[in-house]
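> Make the full structure from the sequences, and use the hints.
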Amino acid sequence: MSEKTVCFIGHRTVVNAEQVRTKLFDILSTLISNGADTFLFGSRSDFDTLCWEVVTELQKEYPQLKRISYNAPHEAAFTSKEEREDFEKFFSQMVKHEVHYADYEEAVRSEKSLNANKNAYIMRNQEMIDTSDVCVFYYNKDYKPPKRNAPNKFLPNYQPKSGTAIAYAYAVQKKKQIYNIFTEET
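Residue numbers (the numbering used here): 1 to 186.
Since the hints were made in silico from the structure, they are not lab data.
Take the hints with a grain of salt, since some may be wrong.
To be verified - The following label-pair restraints were derived from C-beta to C-beta distances:
| id | residue 1 | residue 2 | range |
| --- | --- | --- | --- |
| 1 | D103 | S29 | 20 to 26 Å |
| 2 | K66 | V172 | 24 to 30 Å |
| 3 | Y62 | K144 | 22 to 28 Å |
| 4 | K175 | K60 | 29 to 35 Å |
Every residue gets a Cβ at the ideal spot worked out from N, C-alpha and C, and that includes glycine.
Here it is, written out as structure tokens:
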């Protein structure tokens, strides 16, 4: 049984979170029984949070599982309980309410995203896909982000692409094994 790395990428908002959690549990249990032991997480989405929770739950039965946070330049993860607690205390005092961060065994600063500015998450996602054997997505092909005001007067509005759609197309191009929790297709 060889080791496998799995990354998670999905839309910020998850519909039917309990159904998604059940699907994740089933797929991840199968992947773990087939050698998956390292799990890569991005940030800023309900899907990432659900995936982290399921992998953390599975760690009780499979303590060898490793959670790795992939960070774009403006993001952070903590690799020790003390580091996380110190930051939580500091940040909680700044914002005047309690703040808690998730734990990871390792944090990786995405090298591809260092010079990508506001699109750093796209480059971070590509780096996660490149590093992974399997990609688990929560991708709705019909989802479109809200229209935005264009950066110039010749384009009154423009429809940005979903970061998840960009990542999904990249994973297909790279011929990765893909599970899409949204559609249950593999």
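> Could you run down the list of hints and mark each one as holding or not?
Cross-check of the supplied hints:
Here the CB-CB span from D103 to S29 is close to 21 Å, well matched to the stated 20 to 26 Å. Under the hint 24 to 30 Å, the C-beta atoms of K66 and V172, about 26 Å apart, fit the expected range. Range check, Y62 to K144: about 38 Å between beta-carbon atoms, so the 22 to 28 Å window is missed. The hinted window of 29 to 35 Å between K175 and K60 holds, with their beta carbons roughly 34 Å apart.
Hint check: a violation occurs at hint 3 only; the rest are consistent with the structure.
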